[in-house]
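Using the hints provided, position chains D and Y relative to the given structure of chain A.
Protein sequence lines correspond, in order, to chains A, D and Y. Residue 175 in the numbering used here is what sits at position 175 of the first sequence, and the numbering runs on without skipping anything. Convert by adding 473 to the 1-based position in the second sequence; the result is the number in the numbering used here. Convert by adding 946 to the 1-based position in the third sequence; the result is the number in the numbering used here.
Take the hints with a grain of salt, since some may be wrong.
Claimed, not checked - Here are some, though not all, of the chain Y residues that point toward chain D, as calculated from beta-carbon distances under 8 Å:
no., residue
1, 953
2, 1020
3, 1073
4, 1226
5, 1260
6, 1262
7, 1273
8, 1296
9, 1336
No lab work stands behind these hints: they were computed from the structure. C-beta: ideal position from N, C-alpha, C; glycine also.
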Amino acid sequence: MRQLTLDDDRIFPIDPPARAVARQIFAEIRNLPLISMHGHVEAAVLANDEPFADPARLLVVPDHYVTRMLGSQGVSLESLGVGRRDGLPVETDPRAIWRAFCAGWRYFRGTPSRLWLTQQLSEIFGITVEPSLDSADKLYEDIDAKLREPAFRPRALFDRFGLEILATTDSPLSDLAAHRAIVASDWDGVVVPTFRPDALVHINHSGWKDAVARLAAVSGVETGDYDGFLAALRQRRAFFVQNGARATDHGHATADSTPLDRADADRIYRSALNGSVSVVDATAFASNMLFEMARMSADDGLVMQIHPGVLRGHDSRVDATFGPDVGFDIPLPVDFVRGLRPLLQAFGRDPHFHCVVFTIDETTYSRELAPLAGVYPAMRLGVPWWFLDAPHAMLRFREAVTETAGFYNTAGFVDDTRAFTSIPARHDVARRVDAAYLANQVTGGVLGLDEAIETAIDLTVRLPREAYPPLKS
Amino acid sequence: MRQLTLDDDRIFPIDPPARAVARQIFAEIRNLPLISMHGHVEAAVLANDEPFADPARLLVVPDHYVTRMLGSQGVSLESLGVGRRDGLPVETDPRAIWRAFCAGWRYFRGTPSRLWLTQQLSEIFGITVEPSLDSADKLYEDIDAKLREPAFRPRALFDRFGLEILATTDSPLSDLAAHRAIVASDWDGVVVPTFRPDALVHINHSGWKDAVARLAAVSGVETGDYDGFLAALRQRRAFFVQNGARATDHGHATADSTPLDRADADRIYRSALNGSVSVVDATAFASNMLFEMARMSADDGLVMQIHPGVLRGHDSRVDATFGPDVGFDIPLPVDFVRGLRPLLQAFGRDPHFHCVVFTIDETTYSRELAPLAGVYPAMRLGVPWWFLDAPHAMLRFREAVTETAGFYNTAGFVDDTRAFTSIPARHDVARRVDAAYLANQVTGGVLGLDEAIETAIDLTVRLPREAYPPLKS
Amino acid sequence: MRQLTLDDDRIFPIDPPARAVARQIFAEIRNLPLISMHGHVEAAVLANDEPFADPARLLVVPDHYVTRMLGSQGVSLESLGVGRRDGLPVETDPRAIWRAFCAGWRYFRGTPSRLWLTQQLSEIFGITVEPSLDSADKLYEDIDAKLREPAFRPRALFDRFGLEILATTDSPLSDLAAHRAIVASDWDGVVVPTFRPDALVHINHSGWKDAVARLAAVSGVETGDYDGFLAALRQRRAFFVQNGARATDHGHATADSTPLDRADADRIYRSALNGSVSVVDATAFASNMLFEMARMSADDGLVMQIHPGVLRGHDSRVDATFGPDVGFDIPLPVDFVRGLRPLLQAFGRDPHFHCVVFTIDETTYSRELAPLAGVYPAMRLGVPWWFLDAPHAMLRFREAVTETAGFYNTAGFVDDTRAFTSIPARHDVARRVDAAYLANQVTGGVLGLDEAIETAIDLTVRLPREAYPPLKS
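Only chain A is shown next, with the shape it has when bound in the complex (with noise of 0.2 Å):
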């Protein structure tokens, strides 16, 4: 059996000056809080605190960066126990779901996810042997034993883990009771919803009929034309700003922000109402959301972030079988610069107006996204995100970003993850990676230690804190 270890100079580079300032550096910002303002944890875990519920549950099932690697080297996701919509069996023992994962450790070399695993496994559980089928069963029964105790229920790990305030993604349908009930509770953490109001955007989508009718019902509001549309979604904004929410998301194929005129945009609406709605009319009428959503945040103040360039379920067969968010979503190029023309044109300089814009397409970074955040006041890069979570892909944002936009026009890390404990390590990783570029910066010449430092804490607390601020309701 491998030991596990964590070498505290990770990510940092190699030489020996730069990495003493990378040590200086990270010194400054390593226990500063999180601030999670992009994840997908859910709000009830924090709601009802109730103990995690074994091993295989909290890091296997249902990390999708996990299950793909393991799927790609030929496990099934039935043995890794992800469900299946046809009700068909899948594995139900936690023990055998993680020998599976501990028999596939080897894969993960060189990936983020063998860091955020490494860590969880070593700060939180204080693992101190590799994942191996040797070392499964012992594994297993560690960490089972840990998730019974007290200190590791959620509200315990959120306190230990510093997190300043969470961020959820919640439907515009949500009651939200769950963080009602936290605000509610004698528990002090703070927990935000997000706006995400895509699946009522793309109305050619299985669904879209009835979660209008279900908009209609919470908001109070007809949604049976264009304009009560909007007003329900206005509703709903105002009842998540009520409720504390900072943001919204948003998930497109593409970036086109087209609007629409009204008339155009009820007719289509109508259309799909009467269930007929063709691809290229529900194709503007998502790209005319996204317009309409980006006047709504000019009005109450919630940042818009904006995500495109996904094609979500590249295996429809998996997609029938396993739902979505099971690996199978693959980016697509981009084109920003027409795209998010109208939508910048229009509130690109409104100082009312803030957008975040993520990409999982790097050949964006210079030639794009760089370029408009370096120009556009309105609008911040948010970090690497999904697939360019990881350190060397960080490196790379900082590199074809910085010297266009500089450092102020981005909205430090906030991370995006289902997976709650691996929260600090994602931050610790992205702290790592910023405390090496600044440091390459320092050792190179062409910054201060002191400017380096300041900047640091920027990234770490104080863009996202300005990116995301709380809102009057």
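Leaving out everything else, chains D and Y in the frame of chain A:
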């Protein structure tokens, strides 16, 4: 107040052995003459040789790298003294503008503007404290006092900078009076014009018909039909050659160079003269003109500089208010492979034709530009340009291009600036990056030190001299 | 005359701690067997085992990496001995060709050709001075003398190189006589064919009808309709399998793999046979054939190698004069996500199907290829290929791909060359780059040394053996 420092090892590799080699290489090229073949300084500045107005109008107002960054942080262009087309008032107090700039100094961290400005302040003006609100007035006075001295007038600086040659960018309609005045003067600085016909080949741009009429007037050639138009352009090119021009310069939205047959070109040309040309026809005409300009270059020897792929005036309201060149030009993806194919098939192996191709779409470096420059003798790659004129971007260029095209299919460093006093700093940065890249090759065991030094000298002076040779007029 | 040196630490990291680790890792893989599964050496070279003709015809004339670089600097292909299709004379004196090559030695600085050539000259031929005009004749004589020795004949070199297996690239029409002769000989080198059907699936290429007629003749299967065509291809694949083939190889302009229904395919096939097929239909047919070849691979087990995205013969006059493979093939952007979707949806999770995907469009590494290979078990990523078979490009590949797909969804290093004596140098460079990458991971604290060594061995021999397993025939 922080001290303003200029590390003499800046941009060099961090590890001591490579840094020592970089120092050796840099020492051999540091003081070589500056060859500035792709600039945007006005010849009148050197013809008139009047003192620069003040620090703000020298270093802030005309530099869109600077105004766009401050603008992205919410500083209005008006408050930076950028003139409005509608004549509404903008800030005219240079001290106020200078203060706004100094207050935003930290926004430039990590950008090349910071490097260029620091070097200008330090080496040209002897400034020793960093710009900040506290230091702004003192800096202003120190620089302003210098600007009153004879040693800080344009020609004195030109000589001090070691400029071997400075190329300007000029309209084919220009009488090149400033260039002729310089030649006629007793000053021996070499300032040559560059033929930039963009305003004449984009036949659907406003003002085109006026431009064509003026072309007829200055050339003495009728421009009522396409043949006349070409003949008039030929006349102007000959005039430019007589006045020392070595190159032409072409900014197009795409790289398409498909020629039209003469009848189609004539038909489109005439319809544009009559005021009714479709976007499709205008685009085809512009592509055709890229081909025609190549044909003329193969005749008269002017080196053709091509830099496609920019969406000018991304925010059309900014464009309407402030005009062009205020930072809202954003790169677009470019297809060089199919775009330049007609041009390269016709002239790419013609020993009388030479082109230098620039891009701000890095994705084309290893996929398109290096493979093309690595096989067509007529084509050389220009250095990273505009947003990519920065240390990390330059390193990416060398790393992506050299393995396929070598060093000797590039044109060496020629800056691209309208900021006269930044020219030495821009060459300094480029030389440091080349020294760093070559030092890594030497220390990495793949190039001898003597070869590296020879290559560095070639990149600095031999290749640009070869790429832009003087023509017999 | 400069000495020719071969630094034993070349390509390793520069800083001493990482370099020491790279040396340790490299020592474990340096002498492992070479697995060459994607090459273009002719089997006849090893079947006949005749001495190589002379230095020029071994190292210059057939290597388009070399001739294109010299050509880009104005050296004519004729003067390098590249044959013309029209029979007009080209240089035939190998000493003159060799001199032209030596005179251009500096053009190769910074390129992988320089690394490969230096290692061949030094390690295989014992050369100690750099090529130059002064050294050219001496070098020629030294190498030419060696080529007369038995130890420098192809089989002797094959054994000396430690080649475990060499795959060639072969037409489905081939009788594989050379391969069979090698098997029948007393030499035990393993040389296997690879099935490359490109000339048969691009139905609008000149010569296609002849090829189909010959396909019928060699297969004994009527090819008058689409079913017969498929059956004939199946027959040839079986013949290749019988003769040791392990893989197929597919070069397409795009990655599109959309299947046609049988009736459409048959209609298009017949119209092509009748000599009238549209570009649209021909393109659709080629895409369909990619799908069909995948289906056959799922049946017979041949590993499918896909490398789309090349515009062949960019300068059509060069193509007409010199034919293909003289350096004018230029990469194109590729859409793997939508292109391979039909193929991957159908076979990407089929345990009997295996594909290896190559690209020269780096922009797809992190956006498309790593996400796809990181989820579909049937897909592995081939190493950087062609223009990207170079140290910096390989590092970029590892950095862009590993964080998403890990090491174990790649196929390890398999070279791609028609230059037989360059094979060891190409593997050497790849092993050094992998050692460097892994050493940086170890020194960077994210991988243990023992794991890094295990991974290096996997990349060098285990993964290519796994990716190209022998088939039972």
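Just pull the numbers of the violated hints for me, sorted ascending.
3, 4 and 8
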